[in-house]
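*Asks:* Sequence:
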Amino acid sequence: MPPAQPKQGDARDVDALNEYLHAYLSAPQLQCDSEGKLMLTRTARGDAIVSMLGAVAEAVAQLLVEGDFTLIKQCEHPDCILWFYDRTKARKRWWCSMALCGNRHKAAQFRKRSRAAV
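Numbering-wise, the sequence shown is residues 1 to 118 according to the UniProt record's numbering.
Derived by calculation from the structure, the hints in this document are not laboratory data.
Don't take every hint at face value.
Using C-beta positions, here's what the derived DEER-type ranges look like [what the hints assert, rightly or not]:
| # | residue 1 | residue 2 | range |
| --- | --- | --- | --- |
| 1 | Ala117 | Ser26 | 50 to 58 Å |
| 2 | Asp47 | Trp83 | 24 to 32 Å |
| 3 | Phe110 | Val14 | 45 to 53 Å |
| 4 | Ala44 | Lys112 | 39 to 47 Å |
| 5 | Phe110 | Lys37 | 36 to 44 Å |
| 6 | Ala23 | Phe110 | 42 to 50 Å |
| 7 | Ala44 | Ala117 | 51 to 59 Å |
| 8 | Thr43 | Phe84 | 20 to 28 Å |
| 9 | Arg12 | Ala117 | 56 to 64 Å |
Each residue gets a CB set at the ideal place from its N, CA and C atoms; glycine is no exception.
Put together the whole structure using the sequences plus the hints.
*Replies:* In structure tokens, the structure reads:
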């Protein structure tokens with residue numbers, strides 16, 4: 001994958017995002033998973049809403065710095081409002097989730113073929 005193109009922004013926008021990042025209190029925490037393997041996670045501390053907004057701000061900041069905006073796509077299901085970051089090798093993902101929208105589409109296609117066969 002080619003490196004992401006540098007993004008530019010207005011200092012006021014950066015400052016607004018930084019306010020949420022500064023308010024986000026989190027710390028790395030070493031944990032064991034169900035099989036006893038070590039993993040490093042981040043644990044939020046403080047107000048739940050501030051923590052949630054801080055986590056979102058961190059993801060947005062990371063996307064702005066490292067992300068490729070051409071890989072941000074809207075789900076193809078007509079009733080879905082979700083967007084996703086296409087990490088597939090071929091970059092041809094259609095659905096926010098195969099378990100949700102992809103399955104709905106496949107089920108609808110199956111019903112359509114079944115009705116046509118009758």
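*Asks:* Determine for every hint whether it applies to the structure shown.
*Replies:* Hint by hint, here is what the structure shows:
Range check, alanine 117 to serine 26: Cβ separation about 55 Å, and the 50 to 58 Å hint holds. The hinted range of 24 to 32 Å is satisfied by aspartate 47 and tryptophan 83, whose Cβ atoms lie roughly 27 Å apart. At about 49 Å, the beta-carbon gap between phenylalanine 110 and valine 14 stays in the expected band of 45 to 53 Å. The hint said 39 to 47 Å for the Cβ distance between alanine 44 and lysine 112, and at roughly 46 Å that hint holds.
In this structure the supplied range 36 to 44 Å holds for phenylalanine 110 paired with lysine 37, their Cβ-Cβ distance being about 40 Å. Evaluation of the 42 to 50 Å hint for alanine 23 and phenylalanine 110 yields a pass: the beta carbon distance comes to about 48 Å. Distance hint check for alanine 44 and alanine 117: the Cβ-Cβ separation is about 53 Å, which falls inside the suggested range of 51 to 59 Å. As the Cβ distance of threonine 43 to phenylalanine 84 is approximately 26 Å, the hint placing it in 20 to 28 Å holds.
For arginine 12 and alanine 117, the Cβ-Cβ distance of about 60 Å falls inside the hinted range of 56 to 64 Å, so the restraint holds.
Figure legend: structure checked against the earlier numbered hints; every hint is met.
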